[in-house]
Structure formats: C-alpha cells, structure tokens
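Asks: Read top to bottom, the protein sequences are chains A and B.
Here the first sequence is numbered in the UniProt record's numbering, starting from 1 and rising by one per residue.
Here the second sequence is numbered in the UniProt record's numbering, starting from 1 and rising by one per residue.
Simulated from the structure, these hints should not be mistaken for laboratory data.
All residues carry an ideal CB built from backbone N, CA and C; glycine is no exception.
Worth double-checking, as some hints may not be accurate.
[Unchecked claim] Which stretches of chain B does chain A cover? Using the computed rule of at least three CB atoms under 8 Å from a CB of chain A, they are:
1. 200 to 209
2. 245 to 256
3. 333 to 343
Number of protein chains: 2
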Amino acid sequence: MPRSVGVVGLGLIGGSLARRLNDAGCRVLAWNHTTRPYEAAAAQGIACLPTLEALAQARPEVLVLCNPLKAMPEMLERLKPVLDDATTLTDVGSVKGMVREQVRAAGLGERYVGAHPMAGNERSGWSAADPALYDGALWAVSVDGDTAYERFQAVAGMIVGVGRNRMIVIDDATHDRAAALISHMPHVVATALVDELVDSPERDVAVALAAGSWRDMTRVALTDPDRTRAMVEEDAANVEALLRRMAARLSGMADALHAWRSDGPDDGGRTRAQREILRFFAAGQPFRDYKAEAAAGEAHGATATLGLGDDWREALMASARRGEHVVGLADARRVAVQRRSHLAD
Amino acid sequence: MPRSVGVVGLGLIGGSLARRLNDAGCRVLAWNHTTRPYEAAAAQGIACLPTLEALAQARPEVLVLCNPLKAMPEMLERLKPVLDDATTLTDVGSVKGMVREQVRAAGLGERYVGAHPMAGNERSGWSAADPALYDGALWAVSVDGDTAYERFQAVAGMIVGVGRNRMIVIDDATHDRAAALISHMPHVVATALVDELVDSPERDVAVALAAGSWRDMTRVALTDPDRTRAMVEEDAANVEALLRRMAARLSGMADALHAWRSDGPDDGGRTRAQREILRFFAAGQPFRDYKAEAAAGEAHGATATLGLGDDWREALMASARRGEHVVGLADARRVAVQRRSHLAD
Numbered sequence: 001m002p003r004s005v006g007v008v009g010l011g012l013i014g015g016s017l018a019r020r021l022n023d024a025g026c027r028v029l030a031w032n033h034t035t036r037p038y039e040a041a042a043a044q045g046i047a048c049l050p051t052l053e054a055l056a057q058a059r060p061e062v063l064v065l066c067n068p069l070k071a072m073p074e075m076l077e078r079l080k081p082v083l084d085d086a087t088t089l090t091d092v093g094s095v096k097g098m099v100r101e102q103v104r105a106a107g108l109g110e111r112y113v114g115a116h117p118m119a120g121n122e123r124s125g126w127s128a129a130d131p132a133l134y135d136g137a138l139w140a141v142s143v144d145g146d147t148a149y150e151r152f153q154a155v156a157g158m159i160v161g162v163g164r165n166r167m168i169v170i171d172d173a174t175h176d177r178a179a180a181l182i183s184h185m186p187h188v189v190a191t192a193l194v195d196e197l198v199d200s201p202e203r204d205v206a207v208a209l210a211a212g213s214w215r216d217m218t219r220v221a222l223t224d225p226d227r228t229r230a231m232v233e234e235d236a237a238n239v240e241a242l243l244r245r246m247a248a249r250l251s252g253m254a255d256a257l258h259a260w261r262s263d264g265p266d267d268g269g270r271t272r273a274q275r276e277i278l279r280f281f282a283a284g285q286p287f288r289d290y291k292a293e294a295a296a297g298e299a300h301g302a303t304a305t306l307g308l309g310d311d312w313r314e315a316l317m318a319s320a321r322r323g324e325h326v327v328g329l330a331d332a333r334r335v336a337v338q339r340r341s342h343l344a345d
Numbered sequence: 001m002p003r004s005v006g007v008v009g010l011g012l013i014g015g016s017l018a019r020r021l022n023d024a025g026c027r028v029l030a031w032n033h034t035t036r037p038y039e040a041a042a043a044q045g046i047a048c049l050p051t052l053e054a055l056a057q058a059r060p061e062v063l064v065l066c067n068p069l070k071a072m073p074e075m076l077e078r079l080k081p082v083l084d085d086a087t088t089l090t091d092v093g094s095v096k097g098m099v100r101e102q103v104r105a106a107g108l109g110e111r112y113v114g115a116h117p118m119a120g121n122e123r124s125g126w127s128a129a130d131p132a133l134y135d136g137a138l139w140a141v142s143v144d145g146d147t148a149y150e151r152f153q154a155v156a157g158m159i160v161g162v163g164r165n166r167m168i169v170i171d172d173a174t175h176d177r178a179a180a181l182i183s184h185m186p187h188v189v190a191t192a193l194v195d196e197l198v199d200s201p202e203r204d205v206a207v208a209l210a211a212g213s214w215r216d217m218t219r220v221a222l223t224d225p226d227r228t229r230a231m232v233e234e235d236a237a238n239v240e241a242l243l244r245r246m247a248a249r250l251s252g253m254a255d256a257l258h259a260w261r262s263d264g265p266d267d268g269g270r271t272r273a274q275r276e277i278l279r280f281f282a283a284g285q286p287f288r289d290y291k292a293e294a295a296a297g298e299a300h301g302a303t304a305t306l307g308l309g310d311d312w313r314e315a316l317m318a319s320a321r322r323g324e325h326v327v328g329l330a331d332a333r334r335v336a337v338q339r340r341s342h343l344a345d
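Here chain A stands alone, though its shape is the one from the complex:
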C-alpha cells in the first residue's frame, strides 16, 4: 500500500476511491475542479488541495487521475512541469490506449501505469461516492514495454491495499478490445434496440407486451446517451469492428431463417439452414457453462504464487489469459494469483 495517494477529481469513481483508501489508512490528498465536496471530504480526513499543481507538489506516491476523459489533455499539460519523478501516475479511464498516448504526448509515459476499475453505477458526483462501490472490484491494469516494475508495483499495491480488490494485467490494446466487446459495443446494440422500438408503428403495443428480456436488454440504453456516445467514440475503432461482426451475425441468422422457412419440416439438422440455426444457438455454450460454474460457487480456485522475472509483463498477461486474477503482492517479485472460472477453448 502506498503511503500517500493523490486523487484528481472527487466524483463517483474518484470520491469513492479516496474514501476507501482513507478508510484503509492511506494518506489521501485530493483536488477537485470545484471546492464543493471539500468540506465533506475534509471531515472524513481527506486533505483537499487548492490547485492541481499543489496536489502534485505534495508528492503523493501515486497520483490517480479520476477526471473525465475529455479533461485528460488539460490535466496532463498542467501536471507536466510540476509532477515529481517519484510520483507514479495512473488513471481510472474506461479506455487505455488513448490515455497512454496523451500521457506520452505530455512526456509522462515513463511514470504511467494504466488502470480501469470495474466499478460504477448510473449515479455521479461526490454525493454518490461510496467506498462500497469498490467491494470485490476487479481492476484492469495496463502496462507496456516501457513500464518499470516499480511503477507497476506502486499501483498494484494501491489496488490490493484497498482490500479484497483484484486485478488482471494486460496491454492497452487488449483492454480496449475487451472493453468494446463486453461493454461499449453492447451499449450501441441496446441503443439500436430502443431506436427500433421507437421507429415501429407497433411501438405502443410492443411496449405493453415488453417483459423481462426487453427490460434487461435495454437498461443500459436508459443511461445518459451523451455519456454513452462519449464512451463509444473514445473506443471508436474497436466498436466499429465489433458492430460489423455483429451485423454479419444478425444478417447471417436472417438468411438462415429465410432459407429455413422454405426448407419445409425441420428434422433438426437436415438442411444447411437448419444446421446453421442449430450452430448459432449452440455456439455460446462455453459461456453458459462458465456462468453455471460461477453460479454453483465454483468460480474461485486455489491461490498460488507467481514468481516474476524480467519478463514480468508477459508472465502477468499470460496469467490473465488463463483466467487468473492477481489478489495480492507476496513480496517484491512474487504476486498471489487466484484461478477463476474461464471459458473453455
């Protein structure tokens, strides 16, 4: 656990992290673009600084950028001349490649480790901040060939230091593709479903008949569409590629249904269309098995120790691909990993 952490931005994510670190006994310094949360934060023991520059000059061991992504270039420009070399820089942004480029452009690449906690809800601001937001949270930590092990260690120490948080270590591109797959692209799909409903002449009949499946599949389309749009645009290339793949899947299924309708009686695999339809519905089975395993409480395997040498990045990334989570730092060059359920090949 770092002795001190600086938090930039006391919104939902930053405020919750500041409070959780503070509860865990870490010295927390903070700066926010307005002083509105300062009184409440100070009452909890968080030291609120008047400027971003003053926060940097207080030399926290780790500085966490929890500002909105669009403010990132300005924050980095201001930090550039004042950030002490001893301070490790990290962030909580939902895309990692773009942030690293901006950090590099500000000449701070060597001090940076990317981070993305899987924590959040539909609320925002300090008033919504709650240390419990991080209960059991998994963080994605992104490193590249320039990342020094000590920088990683500082950020990893903060993550496991807040208690029962876990991490996987990956590179920026893998993170951004995975986030596009399980979050950014599905947000577009949910929005498209809602757009389709609104366009339908049957919309009021359809909405009357809507049940659980519709409610679940469109819930994320109810969040602020500007926030969703920004998230999608920040990961645009990956989302674009996945939307094309999804469009091809849906067209393919439409073609198969079309052929199936003219095929006549279904014997469950006689014609090409029947086989395609069966394959479409069977293909997701490894995910169903994974969820069933998780639901049966078999998700958490034993904890093991992973020794890290000079190829520590590759070793940690391979561990992530095996479905392991880093749950602790055993010593300077060893981490504790826990095997989780993973999707069979």
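Since chain A is already given, all that's left is putting chain B on it; use the hints.
Replies: Chain B alone, transformed into the frame defined by chain A:
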C-alpha cells in the same frame, strides 16, 4: 368470469393459471399428458380428467390450450370431433398467427380467441406453478373478423376474473410483430453477443471485465437455447425482418464511426457522420421519457368506459394503440379501460 374453465397442460403457465382460477372460485377442470401432477392438483380442488376427450366432453365454458406449441396440431385434431360448440377455445401461445391457422385447419376457427399472457420465468412444470405468476399480468388477446363478440367476452371474462389482470386486444399479425420486436429478436441478439464473446481470442480477459451491462444484455441467452430456437422459428418471418433492420442499424453506426474517425475534432454536429451519431443516440428519447414517466409512478391514468358497437374489434385495437389496457368488463357492451404511459409520436 366463466363458471368453468378447462386447462390443457399443467406446466408452469397452465398449472399457474389453473391454480389462480381455482383460487378465484372458478370451477377448474384439467388434463395433462402425464398424470404426475394430478394428485397435487386434485388436492387443491382441480378436477383432473383421464383424457383430453373427457375434458372436452365435460363442456367447460372456456378451454385453454396451455400445451407446448409443437403439440398444438395433435391437440386440435383430437378436440375437433369432441369439442362442444358452447365451449370457447383459447390458448396461451407466444405466437398467434400460426396457432389460428392450425385452429382453422381443424375447423375450430369460429370458437377461437387467441391469448398470450405476459407471464413466465425460466422454470417449468407443475412443481414451478404458482398463482402469483399472474400477479398484475397483461394479456394480449387476438381476434379477427370472424370472432364473435360472445367468444371474446368469455375469454375476457376469464382474464379479468382472475384478478387484477389486464389485456390489450389486437390482431394476430400485430401481436406477432410486436412479440418479435420486444422478445424474439432480442433473444437472437443476446445469443449473438454471447457467440461473439466465445469466438473472441480475448474471451477470458473480456469475461473478467464484464459488469452489469454485459450481464443484463446476455441473461436471456443463458436460458435453454432449444427453447429460444423454437420460439424464434415459430415467429421466423418477423424475426428475420427485424434482424435485417438491426443489422442495418449496426452497420450504419459502424460506417458513421468510421467516417467520424477521419473527420477530426468533433464539434457535436459539424459533419454528416457527427450528425448521424448524435441522431442514433437521440432517437430513443421517447422510450427514455416513457420509462422515466413510468418510474415516476405516472404510468397509470384514470379509468374510463369504452362503449363497444358492431365495430368492437376496431374500437378495442385503437384503444390498444392509444396505450390503453382493458381492466374490466363494465357490462355486456362496455369495457373499463385504463390509460397507461405511451410513447409519443
């Protein structure tokens, strides 16, 4: 409320309905393809008959087919020679056009009113049957030009008679298109998302990062894929058309993101791609407004009386399109309707 109702099939839907009608004081007769649930059903006061023919010959006022859709042709063939003309035939199937065709093929079209209660869960069988499944349920009731008002009245009486159940009256084609839009097509989309994950080389990283949005959007893909496939195949033409529309929406958004990436800085509407992206995210606003209104408890309007003349079908369908639910039968030719939230034009 009919004096007596016959229920064919004591599974989740039929068993729950039988129990609820029985609790409401209706005389309930039942037949099931196995006698397994008979002892428990009889203990509740449900009269279990040894054959489907015996059930028909007991002349219930309404006979509800709660068997699986694939058993429908056989049930109808067996009922054809024995069903008393005084008995009104209805069902609870999730598609209505196909069932009416089968009913007509058996020469029973004149006695038939389609019905589809929006009730269900992932369980099945008599052991899962629970009268509470129908708490506040909305039924789609489908009629056509041949439906006699008295037949509609018998089924409507059963629906409002089970207590706090509501209905909208529509034609088969509208029902099947609406059901494809809010349920059958989204099930395919959820399945495609899961297939995409399983196909991804990043699947284990992605699944580690998966949070609420992914969980909600793929929940329905966890149900028995054979059940989903059967549901999709039964409404294949409508699902096919909607999948093509969704594929076009997703491709269109992919194209817009592609153009946007080469457009340079976004000023929120300067280029065609920017405008398209803004429009995509704004188009669903009427649904967001509808949900916000419903969440604010403003969903239920006042109750009014709707008089029904010779054009009762058209009057009831227009009421459904206005977002009204039939909540009671005022007298022989008037129904009580309640205005609900609806999506603005």
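Asks: Against each hint, give a clear statement of whether it holds in the structure.
Replies: Here is how each hint holds up against the structure:
no.: 1; hint: 200 to 209; verdict: holds (count 9)
no.: 2; hint: 245 to 256; verdict: holds (count 9)
no.: 3; hint: 333 to 343; verdict: holds (count 3)
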